[in-house]
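Respectively, the protein sequence lines represent chains A and B.
For what it's worth, the working numbering labels the leading residue of the first sequence as 478, then goes sequentially.
For what it's worth, the working numbering labels the leading residue of the second sequence as 478, then goes sequentially.
Hints may be right or wrong, so weigh each one.
Since the list can't tell identical chains apart, any single copy or any two copies may satisfy a pair.
Stated by the list, open to error - Think about it this way: if two alpha-carbon atoms lie no more than 20 Å apart in a straight line, the pair counts; the simulated DMTMM-like pairs of lysine to aspartate or glutamate are: (1) Lys733 x Glu723; (2) Lys522 x Glu683; (3) Lys604 x Asp710; (4) Lys604 x Asp515; (5) Lys725 x Glu646; (6) Lys733 x Glu699; (7) Lys608 x Asp712; (8) Lys733 x Glu690; (9) Lys725 x Asp712; (10) Lys604 x Glu679; (11) Lys520 x Asp498; (12) Lys725 x Asp710.
Keep in mind that the hints were calculated from the coordinates and are not lab data.
Quantities reported herein were computed from a predicted structural model and do not represent experimental measurements.
One letter stands for each residue in the lines below.
Protein chains: 2
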Amino acid sequence: MNYFIVYAHPEPRSLNGSLKDFAVAALVAAGHQVRVSDLYAMKFKASADAEDFPERDPGERLVYHRASGDAFHGGTQSPDVAAEQASLLWADAVILQFPLWWFSMPAILKGWVDRVFAHGFAIGVPKPGTKQWARYGEGTLAGRRGMIVTTTGAREEQLGPRGLNGPLEDILFPLTRGLLFYTGMDVVPSFVVYRTVRLPDERFTEVANAYVERLLTIQTTEPIPYRTENGGDFDERGVLQPSLGEGKSGFDVYRK
Amino acid sequence: MNYFIVYAHPEPRSLNGSLKDFAVAALVAAGHQVRVSDLYAMKFKASADAEDFPERDPGERLVYHRASGDAFHGGTQSPDVAAEQASLLWADAVILQFPLWWFSMPAILKGWVDRVFAHGFAIGVPKPGTKQWARYGEGTLAGRRGMIVTTTGAREEQLGPRGLNGPLEDILFPLTRGLLFYTGMDVVPSFVVYRTVRLPDERFTEVANAYVERLLTIQTTEPIPYRTENGGDFDERGVLQPSLGEGKSGFDVYRK
Numbered sequence: 478m479n480y481f482i483v484y485a486h487p488e489p490r491s492l493n494g495s496l497k498d499f500a501v502a503a504l505v506a507a508g509h510q511v512r513v514s515d516l517y518a519m520k521f522k523a524s525a526d527a528e529d530f531p532e533r534d535p536g537e538r539l540v541y542h543r544a545s546g547d548a549f550h551g552g553t554q555s556p557d558v559a560a561e562q563a564s565l566l567w568a569d570a571v572i573l574q575f576p577l578w579w580f581s582m583p584a585i586l587k588g589w590v591d592r593v594f595a596h597g598f599a600i601g602v603p604k605p606g607t608k609q610w611a612r613y614g615e616g617t618l619a620g621r622r623g624m625i626v627t628t629t630g631a632r633e634e635q636l637g638p639r640g641l642n643g644p645l646e647d648i649l650f651p652l653t654r655g656l657l658f659y660t661g662m663d664v665v666p667s668f669v670v671y672r673t674v675r676l677p678d679e680r681f682t683e684v685a686n687a688y689v690e691r692l693l694t695i696q697t698t699e700p701i702p703y704r705t706e707n708g709g710d711f712d713e714r715g716v717l718q719p720s721l722g723e724g725k726s727g728f729d730v731y732r733k
Numbered sequence: 478m479n480y481f482i483v484y485a486h487p488e489p490r491s492l493n494g495s496l497k498d499f500a501v502a503a504l505v506a507a508g509h510q511v512r513v514s515d516l517y518a519m520k521f522k523a524s525a526d527a528e529d530f531p532e533r534d535p536g537e538r539l540v541y542h543r544a545s546g547d548a549f550h551g552g553t554q555s556p557d558v559a560a561e562q563a564s565l566l567w568a569d570a571v572i573l574q575f576p577l578w579w580f581s582m583p584a585i586l587k588g589w590v591d592r593v594f595a596h597g598f599a600i601g602v603p604k605p606g607t608k609q610w611a612r613y614g615e616g617t618l619a620g621r622r623g624m625i626v627t628t629t630g631a632r633e634e635q636l637g638p639r640g641l642n643g644p645l646e647d648i649l650f651p652l653t654r655g656l657l658f659y660t661g662m663d664v665v666p667s668f669v670v671y672r673t674v675r676l677p678d679e680r681f682t683e684v685a686n687a688y689v690e691r692l693l694t695i696q697t698t699e700p701i702p703y704r705t706e707n708g709g710d711f712d713e714r715g716v717l718q719p720s721l722g723e724g725k726s727g728f729d730v731y732r733k
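Construct the entire structure; sequences and hints are all you get.
Pasting the structure below:
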């Protein structure tokens, strides 16, 4: 299997770095192909701006998503962006691994999303033979598995249901459903390491083995049963059918 | 009143840019003080990394939040970070204005958060005389108003309750509660412009005036009634008291 790990941590000697190295070694030992985009090591350009489109008329007003679509279709994308898209297409499983900073990705990883998930590639993809968009369960990255892997200093109960910070599954919804599922991937539950500041050394192996287990079984893990856009659960305005999700609220209604 | 607008759009001639210019002019005309951090124009450094701490021993393992605390307390922060903190302290109202990209902030604004909201300043702030943290309704930025202002190409009903993309109020929860309220601000409902791709010119004035109205009334607008951490709603583990939020689920339970 082909694993693509997009990894964003500024310190190679961090828990995140050690987990990534451990996982890569284990996947290779098991006979898999692995690509890693180590965004900090690559000094990946984080800010999506006009410099991404050197062939554009600089006097023209920049509409970023439109420019990204023109560059994607015209073959004039920045080489770093095109390389990441190629790895996404190559992959059977896409892993985004990062420390949870302010309840989301570090900026360098958000920039990877903003720049790589171009119009025509990840968004604005028509569904052939229809007037629909290929998104939310359909799209360029359909057939792939996606997983969020994140570390946090917070305690698990404070990121659980009714926990102080909010349930992490809901906090990650913009990523799991809004990004991975949006582009067609089947998304498995996130792998989360809590309370990293106090992680005793003896727990490292336990956590690292659990991570590897999740990676090795990703193809057979039950995906989060998000509702698709074009499967009949949403009406023509894009609102959930009244008969669905009864008695649920919040993001619960987006799961079957 | 002192308004601090943190603005992140790569194109000054965008709807976002026009709204920002209109709002600044109206606030100044009404006798207010306004500071704008135009992150793209400033070429604000987006990636939080070791370069933020030139006085640190480069051989030492980087724990970013710890290094940010050392720099904050030691007066060795990067000047761009210290300047943004000064503007936050100066402000009575803090506005984060940005286009909604992948259901969150553009990377350059996420980087502003990652770098400026340092340990000791925005997180890891002890509550004097207690063993508690000053966060979620308390903290360095208490007494200030906070508001998210965002634009999106999506239709309002697709970002409403049961809408295809999820309710925007919940999608923004990591920002409204996890960032603004976390640091002590009173957060008013977000100001959102939908369907910007098709925004007719005649609607611009209407939208811009509505934005100004929200800014001028921010001090008297009812804040979102988020539950505080230290007000008794959460038990000693940081889990919501069983008697609260009955019949609610998702992020609804975090509002009184």
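Verification of the supplied hints:
1. For the homomeric pair Lys733 and Glu723, the shortest alpha-carbon distance inside one copy (11 Å) is at most 20 Å, but the shortest distance between copies (23 Å) is not.
2. Proximity of Lys522 and Glu683 under a CA criterion of 20 Å is satisfied in neither setting, with 34 Å inside one chain copy and 37 Å between copies.
3. For the identical chains of this complex, Lys604 and Asp710 are intra-copy neighbours only, at 17 Å inside a copy versus 48 Å across copies, given an alpha-carbon limit of 20 Å.
4. In the homo-oligomer, the alpha carbons of Lys604 and Asp515 never lie at most 20 Å apart, since the shortest distance is 33 Å inside one protomer and 38 Å across protomers.
5. Taking the shortest alpha-carbon separations for Lys725 and Glu646, both the intra-copy value of 15 Å and the inter-copy value of 17 Å come in at or below 20 Å.
6. For the identical chains of this complex, Lys733 and Glu699 are intra-copy neighbours only, at 13 Å inside a copy versus 35 Å across copies, given an alpha-carbon limit of 20 Å.
7. Taking the closest pair of Cα atoms, Lys608 and Asp712 come within 20 Å of each other only inside a single copy of the chain (14 Å); across copies the shortest separation is 51 Å, beyond that limit.
8. For the identical chains of this complex, Lys733 and Glu690 are neighbours neither inside a copy (26 Å) nor across copies (41 Å), given an alpha-carbon limit of 20 Å.
9. Within a single copy, Lys725 and Asp712 get their C-alpha atoms as close as 18 Å, which meets the 20 Å cut-off; across copies the closest is 25 Å, which misses it.
10. Within a single copy, Lys604 and Glu679 get their C-alpha atoms no closer than 50 Å, and across copies no closer than 33 Å, so neither meets the 20 Å cut-off.
11. In the homo-oligomer, the alpha carbons of Lys520 and Asp498 lie at most 20 Å apart inside one protomer (19 Å), although the nearest pairing across protomers, at 33 Å, exceeds that limit.
12. In this assembly of identical chains, Lys725 and Asp710 lie within 20 Å of each other by CA distance solely inside one copy; the values are 15 Å within and 23 Å between copies.
Checked against the numbered hints given earlier, the structure breaks hints 2, 4, 8 and 10 and satisfies all the rest.
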